[in-house]
Amino acid sequence: MGVEVLVAGADDASLAAIEELFERREAIFSRFLDGSELNRVNASPSSLVDVSPVFAEVLRTALAAAAATRGLVDPTLGSALVAAGYDRDFALLEDQTAPAEDGQCGDWRSVRVAPRFVFRPPGVVLDLNGVVKSLAVDEAVQLLPGDGFVSAGGDVATRGATTVGLPGGDAITLGAGGLATSGRTRRRWLRAGHPQHHLIDPATGRPSTSQWLEVTVAAESCVAADVAAKAAFLLDSDGPGWLEERGLPGRFVAPDGVLTNAVWKTALAS
Numbered sequence: 028m029g030v031e032v033l034v035a036g037a038d039d040a041s042l043a044a045i046e047e048l049f050e051r052r053e054a055i056f057s058r059f060l061d062g063s064e065l066n067r068v069n070a071s072p073s074s075l076v077d078v079s080p081v082f083a084e085v086l087r088t089a090l091a092a093a094a095a096t097r098g099l100v101d102p103t104l105g106s107a108l109v110a111a112g113y114d115r116d117f118a119l120l121e122d123q124t125a126p127a128e129d130g131q132c133g134d135w136r137s138v139r140v141a142p143r144f145v146f147r148p149p150g151v152v153l154d155l156n157g158v159v160k161s162l163a164v165d166e167a168v169q170l171l172p173g174d175g176f177v178s179a180g181g182d183v184a185t186r187g188a189t190t191v192g193l194p195g196g197d198a199i200t201l202g203a204g205g206l207a208t209s210g211r212t213r214r215r216w217l218r219a220g221h222p223q224h225h226l227i228d229p230a231t232g233r234p235s236t237s238q239w240l241e242v243t244v245a246a247e248s249c250v251a252a253d254v255a256a257k258a259a260f261l262l263d264s265d266g267p268g269w270l271e272e273r274g275l276p277g278r279f280v281a282p283d284g285v286l287t288n289a290v291w292k293t294a295l296a297s
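The sequence shown: position 72 = 99 (the numbering used here), numbered continuously.
Hint data in this document are derived by calculation from the structure and do not stem from the laboratory.
Don't be surprised by glycine CBs; every beta carbon is placed ideally from N, CA and C.
It is possible that part of the hints are untrue.
To be verified - Computed spacing ranges between beta-carbons, pair by pair: (1) Pro149 <-> Pro172: 43 to 49 Å; (2) Asp122 <-> Glu50: 29 to 35 Å; (3) Pro142 <-> Lys292: 39 to 45 Å; (4) Leu193 <-> Ala43: 29 to 35 Å; (5) Leu295 <-> Ser137: 40 to 46 Å.
Unchecked claim - With a straight-line cut-off of 25 Å between C-alpha atoms, the simulated SDA-like cross-links for lysine to any residue are: (6) Lys292 <-> Asp265; (7) Lys292 <-> Ile199; (8) Lys292 <-> Asn156.
Build the full structure now, drawing on both the sequences and the hints.
Okay, here's the thing in structure tokens:
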């Protein structure tokens with residue numbers, strides 16, 4: 028997943044189980060491992076592909092996220108990421124002189140999933156990192172013997188109160204649930220001198236032009252926070268209101284300052 032995983036509150040057995048969990052998810056869902064199940068599914072010439080129960084469940088979660096966000100968080104943007112230049116592990120990514128290519132727009136409604144099979148039209152390339160990491164964080168925190176937290180690349184799930192750092196140097200205390208940040212300040216690169224990043228606008232198939240640098244959301248789980256943060260980022264100026272309608276606290280970092288919605292302010296004051 029290309030991130031550092033931090034764990035607090037684990038004993039030897041739970042730490043080993045958490046390590047194994049992340050290694051399994053990496054082996055199944057990585058775009059950069061030749062033998063991953065995700066790459067096998069994407070490379071299949073057949074529209075109907077057999078999959079493991081774990082793959083089917085994660086894809087089902089991703090499709091539910093797409094439906095809940097009206098297609099903003101779309102699991103069918105794998106080819107658009109490659110077109111933007113994100114074609115290898117981020118640690119190996121280099122700026123390139125060739126311009127970014129036109130990416131394929133989102134097509135999540137064309138995908139169907141059953142307990143052991145996936146249907147997707149030829150040419151639709153899945154990328155499930157929109158939910159894989161945060162789902163793993165949620166599952167990992169349940170392996171702790173007591174209070175503690177699990178953090179992976181800015182996605183946090185906690186059992187018991189935990190102080191969490193925020194973009195820009197602030198911090199909050201998260202009592203329970205999850206916190207996630209989505210943005211364009213870390214995973215970015217250049218194509219022909221133009222900045223690219225990994226948050227793809229499904230309507231254009233290109234990196235989003237949202238005004239936000241980072242969006243942070245708290246929710247009842249890490250995956251719920253992660254999906255909401257991505258959607259709010261992609262919604263640009265409508266992001267704060269979208270979170271407000273759903274009763275979710277949001278914090279938006281822009282080049283000229285930080286904005287928090289009313290739910291965030293209320294939560295901090297309580």
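Hint check results:
{"no.": "1", "hint": "Pro149 <-> Pro172: 43 to 49 Å", "verdict": "holds, 47 Å"}
{"no.": "2", "hint": "Asp122 <-> Glu50: 29 to 35 Å", "verdict": "holds, 30 Å"}
{"no.": "3", "hint": "Pro142 <-> Lys292: 39 to 45 Å", "verdict": "holds, 43 Å"}
{"no.": "4", "hint": "Leu193 <-> Ala43: 29 to 35 Å", "verdict": "holds, 31 Å"}
{"no.": "5", "hint": "Leu295 <-> Ser137: 40 to 46 Å", "verdict": "holds, 42 Å"}
{"no.": "6", "hint": "Lys292 <-> Asp265", "verdict": "holds, 18 Å"}
{"no.": "7", "hint": "Lys292 <-> Ile199", "verdict": "holds, 12 Å"}
{"no.": "8", "hint": "Lys292 <-> Asn156", "verdict": "violated, 30 Å"}
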